[in-house]
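Enquirer: Chain residues, written in single-letter form:
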Amino acid sequence: MNRTIHKLRPTDYWRIGEHESWFADMAAEGLHLKKMGLHFVKFVKEEPKKTRYRIDISINREITPEQKQMYAESGWDYVTSYGNFNVFSSPVELNAPELHTDPAEQSYTLKELDKRFAFNAIGVAVAVALMIGMVAFIWMLGSTPVLNLMEGIVIQQTILVMVELYVAYTSLKAAISIRALRKTLSEGKPIDHNAPWKKHHRVTFFIACMFIIFAVLGAILPWVQIAMSVTKTLPLEDTDLPIVRLSEVEQNPDLARKSPYAQDDIDWGNRYSYDWSLLAPVQYESNERGTVPNTMWKGGSGKYSPSISTTVYQLVIPAMGESVVSDFIKKYGRIYRGGDFIETDHADFDLLIVHEEDELKEVFAYKGKAVMYVRYHGYADINRVIESTARRIALISD
Amino acid sequence: MPYSGGPMTEAMYYVLLALMNPNHGYQLMNAITEVSNGRLHMGPGTLYGVLTRMQKDGLIALTEDDGRRKTYIITIEGELALRNEYSRLMALVQDGAMLREGDRNE
Chain A
67 MNRTIHKLRP TDYWRIGEHE SWFADMAAEG LHLKKMGLHF VKFVKEEPKK TRYRIDISIN
127 REITPEQKQM YAESGWDYVT SYGNFNVFSS PVELNAPELH TDPAEQSYTL KELDKRFAFN
187 AIGVAVAVAL MIGMVAFIWM LGSTPVLNLM EGIVIQQTIL VMVELYVAYT SLKAAISIRA
247 LRKTLSEGKP IDHNAPWKKH HRVTFFIACM FIIFAVLGAI LPWVQIAMSV TKTLPLEDTD
307 LPIVRLSEVE QNPDLARKSP YAQDDIDWGN RYSYDWSLLA PVQYESNERG TVPNTMWKGG
367 SGKYSPSIST TVYQLVIPAM GESVVSDFIK KYGRIYRGGD FIETDHADFD LLIVHEEDEL
427 KEVFAYKGKA VMYVRYHGYA DINRVIESTA RRIALISD
Chain B
3 MPYSGGPMTE AMYYVLLALM NPNHGYQLMN AITEVSNGRL HMGPGTLYGV LTRMQKDGLI
63 ALTEDDGRRK TYIITIEGEL ALRNEYSRLM ALVQDGAMLR EGDRNE
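Top to bottom, those sequences are chains A and B.
Counting from 67, one number per residue, gives the positions in the first sequence under this note's numbering.
Counting from 3, one number per residue, gives the positions in the second sequence under this note's numbering.
Isolated chain A, as found in the complex:
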């Protein structure tokens, strides 16, 4: 009975001797090489048989029928190819002559491959350098690198860069190895057809697994982020969400909701969104607007209509709290309004920075795992905003 067995393909495909001895050891266990796929090597399970394997580099991408024919006449049967690497096999008892009896001559067969690999390695290196530059640029957008990381904008790109770095590393390794092999051959030293492969296999298997995990992670993260994202209209009554409500700051029974942006069942002026990212798995953002009848803004700009918004993150790494606060200030802080951002000691926060300018009140704070930014437009005292922030941040700070 013939059974097909798939094994993960070693990533160091340029190691000729190791592959030859691996195939031979597999054949001795009854696994006979059938095909080299993109990611898997296909073996057919049959009777164990002592078999020699040789890998020959063809100058052109495809091996010529003439070459196959010539090898077959000497007892070497063509098995499979991957790139310019062609695998031939011969039963040990046939005692077929070696494919290459002159290492110096064999080194000439590597010349084209050597050139191509070197060219490839340089190309990949340049492409990766460009990608890194691009990601670094995205990362530094708005000069808020930590926040960009929290929001997950750059995580995927960073993972992609890691994957690309690995690809660059592999092509560089391939180029260097082939160059070295060409040199040893030209010095008259033949390829070791029984090179030990086990250690390399373990290492490349581990690296390949990491590679797959990273690649899959990079591919699914944005989808997870989109899938986890929810936006809802804020209920009128209080919630146990870690967001500061307009009513608890205004403390005015006459306060009514103002809904200028209601659309698609969501009141965008009075909403909260939940988001997820790898480094900040709990994120809330809210806006709320209200009016108080018969009250006007001082300065005659119409009816008094206070508003409040909250942005809050629960971090995986609490040590990043201070950096997130500083990026919050850079990204959201109304610096152009003037006035100072004052750091204040407060028992309920690890860090508290407030900014007050006329009716604008901003609170930046972090405590434990939680980072919070509250912006309030209205006439209530800033201490009420701070108290509410303290109460809300305690909900997710542990």
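No lab work stands behind these hints: they were computed from the structure.
Be aware that one or more of the hints could be misleading.
[What the hints assert, rightly or not] Using 20 Å as the maximum straight-line C-alpha spacing, the simulated DMTMM-like pairs for lysine to aspartate or glutamate come out as follows:
| id | chain 1 | residue 1 | chain 2 | residue 2 |
| --- | --- | --- | --- | --- |
| 1 | B | K72 | A | E139 |
| 2 | A | K369 | A | D304 |
| 3 | A | K249 | B | D68 |
| 4 | A | K264 | A | D91 |
| 5 | B | K72 | A | E132 |
| 6 | A | K134 | B | E12 |
| 7 | B | K58 | A | E113 |
| 8 | B | K58 | A | D78 |
| 9 | A | K435 | A | E388 |
| 10 | A | K369 | A | D320 |
| 11 | A | K73 | A | E128 |
| 12 | A | K177 | B | D59 |
| 13 | A | K116 | A | E164 |
| 14 | A | K239 | A | E388 |
| 15 | B | K58 | A | E178 |
| 16 | B | K72 | A | E128 |
Chain B: place on chain A using the hints.
Expert: Positioned in the frame of chain A, the structure of chain B alone reads:
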């Protein structure tokens, strides 16, 4: 590396020598063993590599190509290069003649 005179590899020398008579693949391997008086058993990989390279360099050419089987023959340039190499090797051997006298003196 295109051939531009100078010392040939052993493989090149013997393939050219064997191709003084047109020949193909497997038989050519045997012919090489023959012209080297059994000293050289050239593997098919080495042979194929040398053939491709020398064909590119114009030292040998195809006389017949029925798709599956290609028959090679030495070209005029090839023969010239081979004769030059032969003279070079002869000169080398003659220069080494003193070693033989040394043997006798022992």
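Enquirer: So which of the earlier hints does this model not fit?
Expert: 2, 3, 6, 7, 8, 11, 14
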